[in-house]
Each structure stands twice: as C-alpha cells, then as structure tokens.
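S.K.: So the chains spell out like this:
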Amino acid sequence: MSRWVIKGIRTGIVTTRYPEKKEETPGTSPGLPEQVTGIAPENRETESRCPTGALSREKNRLNLRQERCIHCFRCSRGTENPIPWKNGFEWAEIRNPEAVVPASLRHSLHIRVVDAGDCGACLNEIKLLNNPYYNMHRLGFFITPTPRQADILLVAGPVAEHMKTPLLKAYEAMPAPKRVMAVGACALNGGVFGPGFVTGSGVADILPVDIEIPGCPPPPLAILHGLCLIAGQLKNEPNAATGTRKGEK
Amino acid sequence: MNIQEIAAEIQSRWNNEIKLSTIAGTLECRCHREHLVPLCGWLFNRLNCHFAGLTAEELPDRWNLDYLFTPAGESGIIRINTAAPLKERNFPSISIAVHAADWHEREAEDLFGLTFEGHPRLGDFILHDDAWQEGVEPMRENFSAADVLSGRNPKPDWRPRRILKAPGAFIMPVGPVFSGEAESVHFQLETIGEEVLRAFPRLFFKYRGVEKLAEGRSVDNGLLLAERFAGSTAFSHALAFSMAIEKLSGEEVPPRAEVLRVFMAELERLRHHLGVIEGICSSTGLAVGTGQCAILEEEALRISGALTGHRYLFGLCIPGGLSRDFDKTALKSAAERATDIVRRMNSIEKLLINTSSFLDRLEEVGAVTEKQAHDFGLAGPVARASGYSCDTRKQLPYGAYRNFDFDSPHEREGDGYARLRLFFAEVRESGRIMEQAAEKLPPGKTAVPCNPDAGTAISTAETPRGATWHRIRIGTDGKIKRYRLITPSFANWHGFHIAAENFAFQDFPIILATFGLSVAENDR
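In the order they appear, the protein sequences are chains L and Z.
Using numbering that gives the first Met the number 0, you'd call the opening residue of the first sequence number 0 and step up by one each time.
Using numbering that gives the first Met the number 0, you'd call the opening residue of the second sequence number 0 and step up by one each time.
Bear in mind the hints are in silico, worked out from the structure with no lab data behind them.
Remember, predicted model here, so these are calculated numbers, not experimental data.
Any given hint might turn out to be false.
Calculated lysine-lysine pairs in the DSS-like style (CA-CA distance at most 25 angstroms, straight line) [said to hold, decoys possible]:
#, chain 1, residue 1, chain 2, residue 2
1, L, K58, L, K20
2, Z, K246, Z, K86
3, Z, K349, L, K168
4, L, K6, Z, K349
5, Z, K154, L, K163
All chains, please: the whole structure from these sequences, using the hints.
M.R.: Have a look at this one:
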C-alpha cells in the first residue's frame, strides 16, 4: 500500500490553476469559429456548410450562435474560404440571473448528474472534472448520487423519450432552491438528433434551465466555468473566447 | 471451413434449394423462410460461425431480412437472405438454435412489428411497454421520424417479469438514474438477500432512434449521426460509415489517409481502454489508481485535441479520407507522447498486480467461458478475454491494417482479471501501431471526393469495444434510405448477465466496469 502513497507523491500536482489563472494548454478545448466580417454578400458557401445553423449572415458579417455549434469543422476544412477558429472555453451563459448562489453558500455545492440520452462524450467530460487535472473538489463542487442532497441538476443529452419521467422525478426529488444546468449542444437544442419521435429539443422543453453550457462536448474547463458562474465564484465578464458578452443573444 | 467449402457443403446438404453466390468475399445465401432455422443453426452450432447480427428492412414490395455470420477462424462474411410479401409478418425465430440472435429478433419485432414464431420473449424491449402502446412501429416506411406522438396510451400497470420464486425473493431495482455520473440504464436484480441470482438490464432509456433519424438525410448529415450516437468511440463508427459509402462510390482511399485512419483509430482505442481501466480502479475504490489512470486518460484526450482539434476526434473521418492533413513531425511527437503514456501505464499495471486487495475483487469474478462468448455472440475485448477469437482487424482486415505488425491479445480465463489484463495488452499494441503509422506515413492526398451510387453496402470495423457493422442503403436521390447499426455493446449487454449472476451485490459494479460497456452505443 505504501507504494501507492509514494506513487501519488511522486506524481506531484498537475491540477490546473483555473479559474485564478488562464488555462491555455493545447488540447483542452476544441475552440469555436470566429465571427468574421468582410465576406462578399453573394458568397454563401461557408454558412451553407454549417449543418446546425450555427452560422448566420448579417450583410457582410458571419455571426455565430455558439449554442448550436457542434465542432464539426465543416466551416474550416474542405472549403475554399475557411473561417478561422479561436481557442477558449468560457462559453457558459446564465439564463436566470436569480439562480446564482448567494455568497454564504457558494463554497459547497452538490451536483446530481442526469444522463438524458447523452452519447457518452459529455458524460466522460463530466467524469473528468473529478480527475487530478481539474479536481473540482478544490472549488467546492461535489457529485452526489442522490438528488435529495443536490443543489444543481446537471443534464446532458437531448432528453430521450424514456428519460423524461426519470429526469422529472430527479428534479422533483431535489430540495428548493433548485438549479438546472444544461450541458452540451444536445441538451441545449437537441443537437444532431433534434426534435423527433423519441428525442426532444433539449432540457428547456420540460425543465426551467438556469445555465447553459454549449459545446459538443463542452470540455471539462467549460463545465467548470459554468459551475463557477452559477456558484457566483466568477462574474459575468466579457467573454474572452468569442468577444461577446454573456447573456446577450 | 472457409467460405468456398461452406458453399459446397450447403449445396450438397440442401439440394440446391438455397441459391448461392459469392461476391468479393461475401457468400450470399438466398433461402425460403422454412430453411432459415436449420441453415442458421447448422452454421452456428456445427461450424461455430460467429453470429454478427440481423438486419430487417421494409422494401416497397417485401420484407428483406439479412442474417450476418462470419466463419470461425477464416476470412469472409456469410449473408443469409430471406424475403416475404409485406402482408406476411411471421418469420421463424432462429433464437432457439442461435441464441446470439435473441435480442436482434426482439428489436425487429418491436420496431417493425414482425413476429418471430417460437421466440419465448417478445415485447417490451426498445419501446418500453409502460411508455408506448402496442402497434407503434417506428421503423416502418409510413412512420415519419418528425412525428411527435401524442395521445399515447401506455400500460402504466406494467411490472417486470419475475423468474425467482423462492420465499423472500425480491427484485432490487437500480437506475436509470444512479451512481455518480453513470449512463442511464435500469437493472432489475433478483435476489433472496446476499447474491444477485438474476440480473436483468432494462435498456433503451436512451433510445434516440438514430436508424430512423438517418432515413432521408444526406450522406454528410448521416455521418454526423454515425459519429455522435456513441461519442466515446466516434472515430471508429465514422470510419465504418465512411467505408460503406466508399464501397458504394467505388473510390479508393489514398494510402496516406488509410495510414492516418489507423493512427487515429488506435489513438481512440488507447484512450478508451485507459478510461475502462480507470473505471475498474474506481469500482474497487482504489483512489490513487483511479487518479493515476485519469491523468493518463486526460493526457490521451489532450494529444487528440492538440493534434486533430477535437478531443474525441469528431469531424475528422469523412467518406473518401480525412477532413484534414497532418504533418509527419506532429504525428511523430503525438506517437512519442502516446508511447510515454504506455510506459507510465505499465508502471501502474505493476503496482496493480501487486495489490492483493485489488486483485481479490477481480480474480474469478464475473467469468465468461469461450462457449458462452460464442453463444451470445460477444464482441471485442470481452470476448477475447474468454479466448474467443474475433478481431475484425485480423479476420476481415480493412484499410491499412494488413501492413501493420501487431498482435490481437487473448486470454483464457474470461474473468474480471483476464479482461483487465487484456485492456492493458491492447493499449500496448495500440501504442506500437501508432509508432509504426507515424514512421511509415506515405506522401500524397488525404481525401478524394466521394459520391455514392444508389445501392446497399455493408462495412465492418473494430471499434475499441469490438466489431461494429454498418449497413447503408442509398436511394437514387443520393439520400440514405435505410441505415442499420450493429454495435458491439448490443452484443455484450446481451451477455452481461451471465457474468453478473451468482455474485454478491458488491461485485456487481466491478463486473460492470470490467465489461467496459456503453449504453449510448447499445441504445442508439
């Protein structure tokens, strides 16, 4: 057993300093397309390649609806006019400002994760929040098996038909005040599955969503950023990644 | 027996009543319904052919059913085809002879409304009986995927079937929302106290109807579904999808793209297996081991992210090649970092196999025999840990795998420890393949344009969890008409209960972790 202790000590500390310091290690986030200006109005190729309607045109400017982007790279690869991508991960948007946790309670928040039809990628990134690189415990976030002790309901997936009832039951079992966090493009708007005979168009169909985290999947840092926002540990500051202000449509 | 010998034997046994043809390594047998059970049973039980899956399809004038087998230890595919007019919905059930077909028939019954005569247990499978009324058949042509069904009339008094009749026996329900961040699946564990005597996983809480959603979509849009229905093995499924489209277009993928695809597929395997090993450590409560493996998994994800732009390799594989090129130095440095991960994983393995409290939880726990692996048609590392040989990369080599020097590791015992050893061994092999790929990367293009002709194609690829089969029919308008996904998790979930039964409750999560199952991949 002492071997494990030595192994652990030898590994040292690998944990990110985020949110106190910037985290820019390559490979921690897929990034997002940038907003570009100066595209000839007749050139509609780039936006027509976007399969989810994340790119929209306003005169000569290409706007990005980040909640729709699924990082498929169709706007940056295999086209003659690739648009540049920008790093960053601070994508979370608060939908209900009143849900931000008051100062006295923000250092210990318990999260119940519900998989409502997720593909496995979002869940894996959520699982990785507990790994030594991100270690969300240091910021006072804990994953709890029971909704009865949960402050935040974290939902991933487009809400498959069969998961509606379990999701509602988990929500009802939570004590008030309840906060709902939708994680990933599917949970925000149905993603590539979209509304249909067994999938909905996101968590907002059946529950009031307080905070949305775009991405397909959102990297652990993006989820961590969202958690810090809802906990009031981070303020709604200008978003370095996209140049837009959070909360703006 | 290879497929020529099998063809000759079928011809003599069934006196030319079964029409045979061989196209590009695939033996096609067209037979009447009455020959299905004897033919499939003979292939499965006498020749030990592997049952890969069943594809049902509604054509304008008939039902079309394909049963896929692969011969034991030989290369090739055997496709048993049978058809019937649309108004006849009864087919004989082959599950009596071919147990591996059990869930496939239940699926076709639920989604198409077909009846498999002689099947002991139809109903309540994909569409849960407590949420849907009978008669909803979403895979039929006249059912629209965009329809939101209202006015449903389910059976709210649905109750799980109880097998155990002993006094004091009860069902312990687990899930679908359980544990920390587990995928949604419901278990009914029948017990009289200490041991799980019967484990029944009730799946498809996450059924998203991917096969239905794909119908009518363009190839490019279908690719998004193939890639994102099981995100943790996205590249392998995108690869299988792309290979099927390439077959229909007749395009040759450039050699550079083939080698890069091998590199990426093995990077995905390495990352997936590290995640499974982490899960096994975590299920036994070994905190430092979990943390150490999690560090390696995160580093593998960062290699993927820094190299390709996406941590889960989304948006990379396209029909005709890859969506972008890589330079050799970047690939070499990624391979070196992967080798470093393998080296550190080896030192963790050494620590693990010297930790007796950890091994006690795995050894002789959750054993699956080679015979059971065959009977249930298990796939991937789970089957190979029982000594059941089934590596697509070796048996039906695709892409550039023929040119690589690698082993497909096997174990014999089939218990949790054998599965753990197998995951370690496969990570080492993946590291070796990545090194070779970075070394021998040929020059040239990374993609060719790929426009599929109308028709049907089947492709298979070895995902980290085992063989997947993608069957795609493209219509004359270039849109997807039918998309069938046969996944390794579907096979392995079917066999999971044999490992979990007759063990104590505290062994259950450990056995589950050693299977490395994905619910999303099963539910589709």
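S.K.: Each hint needs a verdict: does it hold in this structure or not?
M.R.: Okay, the hints, checked on the actual structure:
1. Using a Cα cut-off of 25 angstroms, the hinted pair K58/L and K20/L is violated, with the two alpha carbons roughly 38 angstroms apart.
2. Pair hint K246/Z plus K86/Z does not hold up; C-alpha atoms about 33 angstroms apart against a cutoff of 25 angstroms.
3. Restraint check for K349/Z and K168/L: not satisfied, since their Cα atoms lie roughly 44 angstroms apart, outside the 25 angstroms limit.
4. Of the supplied pair hints, the one linking K6/L and K349/Z holds, its CA atoms being roughly 12 angstroms apart against a limit of 25 angstroms.
5. Using a Cα cut-off of 25 angstroms, the hinted pair K154/Z and K163/L holds, with the two alpha carbons roughly 16 angstroms apart.
When each numbered hint is compared with the structure, violations occur for hints 1, 2 and 3.
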